[in-house]
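Chemist: Each chain is listed here by its residues.
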Amino acid sequence: MTRTNEHERSHVLKLLTVITESVLEPQLLRDIERLGARGYTISSARGKGSRGVREAGWETDSNIRLEVVCDEATARRIAAHLQAKYYDNYAMVLLLGEVEVLRPEKFQT
Amino acid sequence: MDPIILFFLLGLIAGLLKSELRLPSSVYEFVSILLLLSIGLKGGVELARQPFLDLLPDILAAIAMGVLLPLVAFPVLLLVGRFKRADAASIAAHYGSVSVGTYAVAVAWLASKNIEFEAQMPVLLVVLEIPAILVGILLVRGRQNQTRWGEVMHEVFLGKGIVLLIGGLLIGWLSDPEALASIEPLFFDLFKGILAVFLLEMGLIAAGRAGSLRQHGVFLIAFGVVMPLFGALVGGVLGLGLGLSPGGTMLLATLAASASYIAVPAAMRISVPEANPALSLTASLGVTFPFNVLVGIPLYWRFAEFLHTLPGGG
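Chains as they are written, first to last, in my numbering: chain W, 1 to 109; chain P, 1 to 314.
Treat the hints with care, as some may be off.
To be verified - Derived lysine-lysine pairs resembling PhoX-like cross-links, with alpha carbons at most 25 Å apart:
| id | chain 1 | residue 1 | chain 2 | residue 2 |
| --- | --- | --- | --- | --- |
| 1 | W | K14 | W | K85 |
| 2 | P | K113 | P | K192 |
| 3 | P | K18 | W | K48 |
| 4 | P | K42 | P | K192 |
| 5 | P | K192 | P | K160 |
| 6 | W | K85 | P | K113 |
Derived by calculation from the structure, the hints in this document are not laboratory data.
My request is simple: use the sequences and hints to build the entire structure.
Modeler: Laid out in structure tokens, this is it:
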């Protein structure tokens, strides 16, 4: 889908945000790259959820926030995979939203 | 009273009173990196003075102890504690492995009393980290194989703790003793100060476990106290059997008494995800670490002294 405004064209892609335990980081990166993500951004995070407060006071207790911009099919594929593989046993939240980007070729597989 | 213990108490009390105090996690990581390197370096320097092969019996004995302790803990947790198999195995693995923080406090305690100990203790510390993790995984999975051993081994052998300890050992071992003098101020002279900051944060972390302690109840508290005492008994007798000095015997008892809270939680999270990490961390951080630091270490010294007064003791 492409929207046009007066100055430039912007494109709508999906932003998949994963908030989860930092111990999963290496596995998670392997998973999402295999499933077609071209790139990602990771930041440390802390917060509270159904598995209690995760304070990030030290490493076993810390979370990461992983963001991926990609097309819808890839986002759905990654989300379904993560849900099946990790939801039962790990603290994990998946958020899926729309974002506009200026250079779609950067994010497409 | 030793000031480092008071730092720990400060953290503990501040945490229990819900003070805003917390160290930035990068500071905590930095001080734990310094501790691991200091312990490794110190051991490496001493090891350079003796042939490596002489250590083989000690290393094999440490491995045997690392296998035995979780095998004793597991049935107790399963049958008396009524934990699920995965939880019992994970807690058992934590108690079979060791805590570098506890070891560091014991070393500082010995140093403050001018008590000598053997150079190979840091090597045994490294060796003891590992077997219990593998035993824990096998207790859950048997030999049926969904376990991705490659990943687990990577986590176990290339975890931060092992890399820094072995790295420090090698650097200490290979360096010219005179050249090492230039880095001594940071790693050796400041050791106790660094340990004090580390213990302040550990106090805060332990206090953070108070809530889940209430939730998980009496058995976990009892286990967190009795298991280290049993471990100290095994470690102390083994130390005597290996012909260690009273200081070395006390350190081996302390290692056996301590429970991991860095290497094992990470490895278990990857390999036994169905185990609830709150249980094992509550026991090891909320009960056993404070117990060892405040009560255990002086007790293990008296036990080591006692063993060495027995007929046949060194």
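Chemist: For each hint, tell me whether it holds in the structure or not.
Modeler: Structure-based check of all given hints:
no.	hint	result
1	W:K14 - W:K85	holds, 21 Å
2	P:K113 - P:K192	holds, 14 Å
3	P:K18 - W:K48	holds, 17 Å
4	P:K42 - P:K192	holds, 14 Å
5	P:K192 - P:K160	holds, 21 Å
6	W:K85 - P:K113	violated, 53 Å
Hint 6 alone, counting from the list given before, is not met by this structure.
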